[in-house]
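> Chains as they are written, first to last, in numbering that gives the first Met the number 0: chain W, 0 to 339; chain C, 0 to 339; chain L, 0 to 339.
Mixed in with the good hints there might be a few duds.
Heads up, the list lumps identical chains together, so a pair's fine if it works in one copy or across two of them.
The calculated SDA-like cross-link candidates involving lysine to any residue, where the alpha carbons are at most 20 Å apart (straight line), are [to be verified]:
hint, residue 1, residue 2
1, Lys28, Thr89
2, Lys229, Ala187
3, Lys133, Pro188
4, Lys33, Thr193
5, Lys133, Asp18
6, Lys64, Lys85
7, Lys136, Val276
8, Lys195, Asn169
9, Lys127, Asn105
10, Lys317, Gln329
11, Lys28, Phe186
12, Lys229, Phe118
13, Lys229, Tyr90
14, Lys47, Glu88
15, Lys295, Ile321
16, Lys338, Asp53
17, Lys22, Ala91
18, Lys324, Cys117
19, Lys44, Asp61
20, Lys324, Glu334
21, Lys70, Ile321
The hints are simulated quantities; they were obtained by calculation from the structure and are not laboratory data.
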Amino acid sequence: MEFTIDEIALLLDGSVEGDGSAKINRLDKIQEGKAGSIGFLSNLKYEKHLYDTDCSAIIVADSFKPQKQYKTTLIRVKDPYSGFTKLLETYAKMVKSEISGIEEPNYFHDSSRIGANCFRGAFSYVGKNCSIGKNVKIYPQVYIGDEVTIGDNCTFYPGVKIYSRTVIGNDCEVHAGSILGADGFGFAPQPDGTYKNIPQLGNVVLEDGVSIGANTTIDCATMGSTHIGKGVKIDNQVQIAHNVSLGENTVVASQAGISGSTTIGKNCVLAGKCGIVGHIQIADNTTVGANSGIMKSVTEPGKTIFGYIGFDIKGFLKSYSIFRKLPLLQDKLRELEKKL
Amino acid sequence: MEFTIDEIALLLDGSVEGDGSAKINRLDKIQEGKAGSIGFLSNLKYEKHLYDTDCSAIIVADSFKPQKQYKTTLIRVKDPYSGFTKLLETYAKMVKSEISGIEEPNYFHDSSRIGANCFRGAFSYVGKNCSIGKNVKIYPQVYIGDEVTIGDNCTFYPGVKIYSRTVIGNDCEVHAGSILGADGFGFAPQPDGTYKNIPQLGNVVLEDGVSIGANTTIDCATMGSTHIGKGVKIDNQVQIAHNVSLGENTVVASQAGISGSTTIGKNCVLAGKCGIVGHIQIADNTTVGANSGIMKSVTEPGKTIFGYIGFDIKGFLKSYSIFRKLPLLQDKLRELEKKL
Amino acid sequence: MEFTIDEIALLLDGSVEGDGSAKINRLDKIQEGKAGSIGFLSNLKYEKHLYDTDCSAIIVADSFKPQKQYKTTLIRVKDPYSGFTKLLETYAKMVKSEISGIEEPNYFHDSSRIGANCFRGAFSYVGKNCSIGKNVKIYPQVYIGDEVTIGDNCTFYPGVKIYSRTVIGNDCEVHAGSILGADGFGFAPQPDGTYKNIPQLGNVVLEDGVSIGANTTIDCATMGSTHIGKGVKIDNQVQIAHNVSLGENTVVASQAGISGSTTIGKNCVLAGKCGIVGHIQIADNTTVGANSGIMKSVTEPGKTIFGYIGFDIKGFLKSYSIFRKLPLLQDKLRELEKKL
Numbered sequence: 000m001e002f003t004i005d006e007i008a009l010l011l012d013g014s015v016e017g018d019g020s021a022k023i024n025r026l027d028k029i030q031e032g033k034a035g036s037i038g039f040l041s042n043l044k045y046e047k048h049l050y051d052t053d054c055s056a057i058i059v060a061d062s063f064k065p066q067k068q069y070k071t072t073l074i075r076v077k078d079p080y081s082g083f084t085k086l087l088e089t090y091a092k093m094v095k096s097e098i099s100g101i102e103e104p105n106y107f108h109d110s111s112r113i114g115a116n117c118f119r120g121a122f123s124y125v126g127k128n129c130s131i132g133k134n135v136k137i138y139p140q141v142y143i144g145d146e147v148t149i150g151d152n153c154t155f156y157p158g159v160k161i162y163s164r165t166v167i168g169n170d171c172e173v174h175a176g177s178i179l180g181a182d183g184f185g186f187a188p189q190p191d192g193t194y195k196n197i198p199q200l201g202n203v204v205l206e207d208g209v210s211i212g213a214n215t216t217i218d219c220a221t222m223g224s225t226h227i228g229k230g231v232k233i234d235n236q237v238q239i240a241h242n243v244s245l246g247e248n249t250v251v252a253s254q255a256g257i258s259g260s261t262t263i264g265k266n267c268v269l270a271g272k273c274g275i276v277g278h279i280q281i282a283d284n285t286t287v288g289a290n291s292g293i294m295k296s297v298t299e300p301g302k303t304i305f306g307y308i309g310f311d312i313k314g315f316l317k318s319y320s321i322f323r324k325l326p327l328l329q330d331k332l333r334e335l336e337k338k339l
Numbered sequence: 000m001e002f003t004i005d006e007i008a009l010l011l012d013g014s015v016e017g018d019g020s021a022k023i024n025r026l027d028k029i030q031e032g033k034a035g036s037i038g039f040l041s042n043l044k045y046e047k048h049l050y051d052t053d054c055s056a057i058i059v060a061d062s063f064k065p066q067k068q069y070k071t072t073l074i075r076v077k078d079p080y081s082g083f084t085k086l087l088e089t090y091a092k093m094v095k096s097e098i099s100g101i102e103e104p105n106y107f108h109d110s111s112r113i114g115a116n117c118f119r120g121a122f123s124y125v126g127k128n129c130s131i132g133k134n135v136k137i138y139p140q141v142y143i144g145d146e147v148t149i150g151d152n153c154t155f156y157p158g159v160k161i162y163s164r165t166v167i168g169n170d171c172e173v174h175a176g177s178i179l180g181a182d183g184f185g186f187a188p189q190p191d192g193t194y195k196n197i198p199q200l201g202n203v204v205l206e207d208g209v210s211i212g213a214n215t216t217i218d219c220a221t222m223g224s225t226h227i228g229k230g231v232k233i234d235n236q237v238q239i240a241h242n243v244s245l246g247e248n249t250v251v252a253s254q255a256g257i258s259g260s261t262t263i264g265k266n267c268v269l270a271g272k273c274g275i276v277g278h279i280q281i282a283d284n285t286t287v288g289a290n291s292g293i294m295k296s297v298t299e300p301g302k303t304i305f306g307y308i309g310f311d312i313k314g315f316l317k318s319y320s321i322f323r324k325l326p327l328l329q330d331k332l333r334e335l336e337k338k339l
Numbered sequence: 000m001e002f003t004i005d006e007i008a009l010l011l012d013g014s015v016e017g018d019g020s021a022k023i024n025r026l027d028k029i030q031e032g033k034a035g036s037i038g039f040l041s042n043l044k045y046e047k048h049l050y051d052t053d054c055s056a057i058i059v060a061d062s063f064k065p066q067k068q069y070k071t072t073l074i075r076v077k078d079p080y081s082g083f084t085k086l087l088e089t090y091a092k093m094v095k096s097e098i099s100g101i102e103e104p105n106y107f108h109d110s111s112r113i114g115a116n117c118f119r120g121a122f123s124y125v126g127k128n129c130s131i132g133k134n135v136k137i138y139p140q141v142y143i144g145d146e147v148t149i150g151d152n153c154t155f156y157p158g159v160k161i162y163s164r165t166v167i168g169n170d171c172e173v174h175a176g177s178i179l180g181a182d183g184f185g186f187a188p189q190p191d192g193t194y195k196n197i198p199q200l201g202n203v204v205l206e207d208g209v210s211i212g213a214n215t216t217i218d219c220a221t222m223g224s225t226h227i228g229k230g231v232k233i234d235n236q237v238q239i240a241h242n243v244s245l246g247e248n249t250v251v252a253s254q255a256g257i258s259g260s261t262t263i264g265k266n267c268v269l270a271g272k273c274g275i276v277g278h279i280q281i282a283d284n285t286t287v288g289a290n291s292g293i294m295k296s297v298t299e300p301g302k303t304i305f306g307y308i309g310f311d312i313k314g315f316l317k318s319y320s321i322f323r324k325l326p327l328l329q330d331k332l333r334e335l336e337k338k339l
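Hey, can you work out the whole structure from these sequences and the hints?
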């Protein structure tokens with residue numbers, strides 16, 4: 000995809016200073032760009048980069064006055080940041096909307112239905128009795144089992160695996176290698192020390208607008224549904240066990256893990272690598288710190304929890320700062336003992 | 000798959016109170032069910048849900064006496080919990096036994112053999128000189144390399160990758176996206192700061208009855224075998240490094256990691272996110288707590304280890320409770336210092 | 000692949016004592032070998048295993064004098080360890096060089112180019128306008144998106160997914176299930192509590208000689224590149240967020256996670272499960288301990304950082320040893336309080 004600087008200026012309702020016929024095929028930071036890149040200058044902290052950038056074009060404010068010579072072409076607009084964002088979004092839409100049609104070979108069971116303007120990549124698989132909406136992009140090597148329901152405008156990147164009976168709303172995206180609906184980890188201990196599989200017969204439900212990163216796993220419920228609320232954003236390598244429920248607009252960062260049957264409220268933020276035990280409730284608007292362990296329910300909304308066994312973040316950081324000085328504390332105690 | 004309530008009552012040797020002709024296609028909890036679901040009521044703590052459940056049928060005890068009106072149909076049996084479990088197992092068996100046959104296209108090398116009643120999904124791959132038993136289910140997009148040996152009644156869910164020379168016993172299952180036999184992480188540091196690959200020429204061996212979750216990785220041994228004992232249960236996103244050995248009936252929860260050449264005993268429980276360093280031994284019946292780090296061998300069987308650098312769980316929790324009060328402790332110490 | 004003991008002795012310039020016609024198809028440790036295995040004895044600590052090994056052959060030193068009877072065949076060489084390493088490398092080369100050619104069906108877009116002596120496995124996918132060098136091995140079910148550039152001598156194991164616009168140097172290898180270039184985790188919070196996707200338009204760049212384990216994820220940059228330096232070695236299930244940069248010859252062990260826009264220096268070692276927050280700099284030659292959390296930049300090169308919120312390892316271990324004795328410390332303090 001290539002545009003001339005003139006074409007971009009037209010899109011942004013801006014004016015060109017320099018060679019408008021040069022071709023742009025990449026968006027970049029002003030300090031990292033190369034020939035063919037376009038960047039922007041909004042915060043004047045970055046102004047110095049204008050004078051040695053390799054970007055072919057830079058979006059600047061109408062009011063901007065250069066202090067030195069530069070070799071790039073300028074596009075002047077009212078608000079460079081908004082302009083650049085508009086460009087980003089336009090670019091993203093064009094990249095994403097390019098994909099549609101059917102690549103061969105793929106497997107699509109006769110009993111399943113799919114709406115208009117979809118993409119089905121090579122080596123993708125759709126099982127029996129699936130109902131799939133319109134504008135759905137199924138990349139190569141995706142697996143969709145039997146009796147799966149999918150709404151409109153969803154994207155499944157290469158290699159996503161969706162087990163049978165999963166239900167997915169509209170406007171969801173799942174990145175490569177993520178697994179929805181594998182068996183929950185349920186085994187009944189037997190008297191002889193062995194374990195017997197407990198059948199996992201529920202499913203996974205994603206409400207509208209859910210985003211899931213790469214290589215994340217969301218297990219099916221033992222019975223009923225593992226439930227991911229509207230607008231939830233989940234990063235890479237997150238583990239969500241059977242019968243978990245995530246409230247609307249909750250965000251889960253990479254490598255976090257949530258154990259079975261735990262309910263997380265709305266608008267929570269679970270930071271990277273945190274771990275939450277099973278069978279507890281986390282109130283709305285809770286923030287769980289990076290690498291923190293949550294061992295019991297959080298009933299009061301809006302708190303920030305942190306620590307190896309998490310408690311309120313201020314308390315933890317105070318204790319940890321003293322932990323760092325424990326050798327000193329011990330010395331003082333010994334001195335006192337001697338004195339007495 | 001659909002049954003009438005009458006058919007289910009027949010299976011459970013129970014009697015119907017209500018409309019036995021209604022269709023059931025789903026098992027659910029009494030408090031979560033919908034039309035078409037069947038649930039059960041065993042613990043009377045849940046009795047209140049009977050009176051407003053949306054399940055089409057509920058399994059209850061012969062002796063159960065309702066206190067209020069309800070709209071669902073009852074199936075009366077001797078033991079509702081056993082009845083429901085029987086239903087679960089029957090349902091699970093029917094779902095799983097449905098799959099057999101060969102979907103096209105798939106890749107199966109001429110030199111490999113596979114037993115009766117197997118399933119080979121579309122886009123699955125079986126390399127050279129493999130020996131695969133009967134009743135083996137190879138879902139779509141599974142990869143099985145060269146010279147792999149697999150017993151009977153195994154299931155490999157979509158996208159599982161099994162490197163060459165892996166050996167798998169009977170009755171094993173591996174969920175989607177898990178990788179068996181990738182190279183161990185072995186690099187020899189060179190004088191110039193670079194690293195040289197150490198060839199990883201061993202394999203992975205799974206004994207009978209091993210279950211593995213989704214997106215787990217088990218590396219091949221440098222030489223010899225990474226060894227997973229009989230009946231071991233491994234959850235999602237677990238990392239097992241080269242030359243590790245797991246004893247019989249050991250359970251490993253999600254996101255746990257075991258470093259190279261460590262030997263874990265029998266009947267151990269490794270909780271979620273725990274990490275175990277390389278080249279140590281863990282005694283039988285050891286429990287490692289969630290997110291705990293094990294830095295040295297555990298020689299005495301039956302202990303529970305917990306903590307950032309794990310030690311006995313009671314000791315850790317005692318220390319941690321004082322850690323939470325460290326600011327108070329520090330204040331007291333300062334007071335004492337002033338007094339002296 | 001099978002060789003006689005005589006053929007191996009020829010390769011190693013050694014002499015045979017025993018039956019040189021027996022066949023070898025496996026390399027093993029002296030204490031673990033079976034019929035058909037060859038092992039070695041270099042460190043005499045392991046001499047006892049010679050007398051009951053089941054290996055068909057053992058490589059020993061010219062000067063070695065057995066003290067007891069043994070049933071295996073000996074190959075005498077100058078340096079048994081070097082001899083065995085040579086055998087390992089020869090074996091590894093033979094195994095790896097076996098694979099080339101094209102398996103059907105696969106998908107390779109007309110507009111892409113690939114060099115000589117490559118392997119393209121069944122169900123592999125190569126999108127538009129890719130440029131791929133020579134001696135590249137693309138295993139089954141690998142996905143390579145559009146406009147991807149790959150150098151010579153690279154190997155992509157089964158199921159690797161490479162998003163569009165990724166750039167890969169020479170001599171790289173990526174193990175099964177790893178994902179390069181999925182969207183970075185970027186969402187702009189909106190006033191109503193929802194989140195809006197921030198388009199992720201950058202890419203991932205791997206310099207020459209990078210090794211990546213299984214099920215690792217490396218996200219594309221928001222703009223510009225997530226950058227993995229020359230000779231970097233990354234283990235399984237590592238998470239590397241958008242716009243991260245890893246310096247030359249840095250090593251990252253399994254389940255480590257690096258948050259967005261962090262820069263790691265050269266020749267660092269990041270141990271298993273460590274977590275590094277976003278937007279910081281880590282100096283060259285830093286070692287981060289297992290499961291440690293790095294919350295701020297490390298400016299001085301060559302330090303070892305350890306701990307829940309990491310600081311210098313000696314300090315942490317000192318503090319932690321006192322943490323273990325906190326109940327004792329508390330008791331002493333109480334005694335002192337009573338005395339006063």
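> Of the hints stated earlier, which fail here?
Those not satisfied are hints 3, 4, 5, 6, 7, 12, 13, 14, 16, 18, 21.
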